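Those sequence lines, one after another, are chains A and B.
Each residue of the first sequence is one higher than the one before, starting from 1 at the first, in this note's numbering.
Each residue of the second sequence is one higher than the one before, starting from 1 at the first, in this note's numbering.
Treat each hint with caution, since some may be false.
What the hints assert, rightly or not - In silico lysine to any residue, SDA-like type, Cα no more than 20 Å apart, as pairs:
hint, chain 1, residue 1, chain 2, residue 2
1, A, LYS116, B, LYS28
2, A, LYS131, A, ASP51
3, A, LYS75, B, ASP88
4, B, LYS28, A, ALA153
5, B, LYS28, A, ASN156
6, A, LYS116, B, ASP10
7, A, LYS136, B, ASP88
Claimed, not checked - Some, not all, of what chain A presents toward chain B, calculated at C-beta under 8 Å:
hint, residue
8, GLN59
9, TYR69
10, GLY73
11, SER98
12, ALA99
13, LYS136
14, ALA153
15, THR158
16, ASN190
For the record, the hints were derived by calculation from the structure and aren't laboratory data.
Quantities reported herein were computed from a predicted structural model and do not represent experimental measurements.
Built from N, CA and C at the ideal position, the CB exists for glycine as well.
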Amino acid sequence: MTDQAVVNPSYVFDIPSERPWSRVLKKGQTLRIIDSEGQQAVDALLYCADDLAERYSSQDTLRVQGSAYIELGTKLISNRGRVMARITADSCGRHDTSAGCCSCESNAVRFGEATKYQHACRENFMLELSKHGLTKRDIVSNLNFFMNVPIDANGNFTVVDGISAPGNYVDVTADIDVLFVISNCPQVNNPCNGFNPTPIRVEIRDAPV
Amino acid sequence: MAQTQAQIADNRRRYEELRAAGQELTPKGLPEPTALNGAPISPDAVIHREVVPSGWYTTLLLRRGEALRIIDETGNASVSLLAWREEDTSERINCADTIKVQWSAAISKGRVILSDMGHVAFSLIEDSSGAHDLLVGGSTPASVAASTGASGRNTQENFLAAASKIGLGVRDISPCITFFAPVALDDVGRFIWTEGRKRAGDFVDLRAEMNLIVVASNCTHPLNPVASTGGSATLVRHRAPPAGPEDLCRTASPEAMRAFAFTDRLYA
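Just chain A, with the same shape it has in the complex (with noise of 0.2 Å):
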């Protein structure tokens, strides 16, 4: 097996704490997340290159891998029922994809009105979007790497502390030309990000030779 880790980078970019990014991964390719500084949710959709009404979904995912969370050898499956990419290294353990994103309406109803005002995941992804044409419509149950969400047998449903040290990493190989959109998540009223939002590193890496 080849450590993809020896192949270097031909793209790296760091995404500053709150941002949105996007960018093609075309068949092989492997996207490297690394959660630079620790404990930071980041929030990811993927659409299919050639037919973006093609995108990830996170019922289909969980049906086909038959458990609740994201780990080592998750397949990521699209509403057409393909294998979109899957995970092919991950030094954190569990991600989610259950619990969606943070909008400012749902922080409004969760944690009061007056954070309506806050910038959330939601804004980021229709801003990210709108340069592909694509608009709120679009937006379907996301991944959130790194995000520790437990769901235990009585059905309760909590964001607990993020489990993802400084350094930690979540590789995606992409079966088919993806694009990959992520929200790094500016969320300050839960303990996914810590309470305190901070940035992030994506690297690409091509399919070994």
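Please arrange chain B on chain A, whose structure you already have, making use of the hints.
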């Protein structure tokens, strides 16, 4: 913007207070399930009644204040549901917000189903079952082929057809809620189907809190281990009893109260 230690401490304290209320106080105030023979609908409140055969779907309009009763007649049906706001179909039910705002992936009588805009789409005013799925979703061509060895009708294609008939499409299809689908998690996070949680005659009443276009797809849930042919589901659109000041769903939690306040503004 970097947070100060004082801000972090304040926000953590508020989060812990909300969590304690959401996971300890609110569930204690939730009622027992409705009895199987409980909550009869007055005949003059019925607007429309429809039997959806196994494998099929239907689309209907619900006005704010009306309710949809969904009945699993045989104990073999599971009904997957999507809903869009009539006046602006970019607003739709949102499973993730429904789960996280209520601190629970398990919805039952007294809970609400939220839209992506912080509004209440539905109130679960009656529920004899309490076994519903927001995580796994409905059946697909692949899931049907895997469980039966043949192609067959499925929720993914039902939703596509239903959306197409009202001018919507694949972009408008988001994660769905499936009623009468007892999906639980084991201690390592695997989904399990809880046997014995489905009964003939189980029903829910969903009170619309917005004007909604609703699609209901009656297909066997993909995790149901019984390769059953399913069963028919009866849908009854009816005028719900008016919500009083002590209405269970409107007062279940601080989060629900805020969501209702925002929703009421839409129709003020």
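Exercise. Should the hint that ASN190 (chain A) touches chain B count as held when the rule is a Cβ pair under 8 Å?
Worked result: The hint holds - ASN190 (chain A) has a Cβ within 8 Å of chain B, the shortest such distance being about 5 Å.
Exercise. Close enough to count: is the Cβ of ALA99 (chain A) nearer than 8 Å to one in chain B?
Worked result: Since the shortest Cβ distance to chain B is 5 Å, the answer is holds.
Exercise. Is LYS131 (chain A) within 20 Å of ASP51 (chain A), Cα to Cα?
Worked result: Satisfied, since the Cα-Cα distance of roughly 15 Å is no more than 20 Å.
For this session: Measure nothing beyond the straight line between the CA atoms of LYS136 (chain A) and ASP88 (chain B); if it is 20 Å or shorter, mark the hint as holding.
Result: Holds, because 12 Å separates the two Cα atoms, which is no more than 20 Å.
Exercise. Holds or violated: is the Cβ of SER98 (chain A) closer than 8 Å to a Cβ in chain B?
Worked result: 6 Å, holds
Exercise. Measuring from the C-beta of ALA153 (chain A) to each C-beta in chain B, is the shortest one below 8 Å?
Worked result: 6 Å, holds
Exercise. Given the hint that LYS28 (chain B) pairs with ASN156 (chain A), does the C-alpha gap stay at or below 20 Å?
Worked result: 13 Å, holds
Exercise. Holds or violated: are the alpha carbons of LYS28 (chain B) and ALA153 (chain A) at most 20 Å from each other?
Worked result: Satisfied, since the Cα-Cα distance of roughly 17 Å is no more than 20 Å.
Exercise. Are THR158 (chain A) and chain B close enough, Cβ to Cβ, to be under 8 Å, as the hint says?
Worked result: 6 Å, holds
For this session: For the pair supplied as a hint, LYS116 (chain A) and LYS28 (chain B), confirm whether the alpha-carbon distance does not exceed 20 Å.
Result: 29 Å, violated
Exercise. Holds or violated: LYS75 (chain A) with ASP88 (chain B), Cα cutoff 20 Å?
Worked result: Roughly 34 Å between the alpha carbons, so the hint for LYS75 (chain A) and ASP88 (chain B) is violated.
Problem set entry | Satisfaction of hint between ASP10 (chain B) and LYS116 (chain A), Cα-Cα up to 20 Å | 18 Å, holds
In this structure, the earlier hints numbered 1, 3 and 10 are contradicted, and the remaining ones agree with it.
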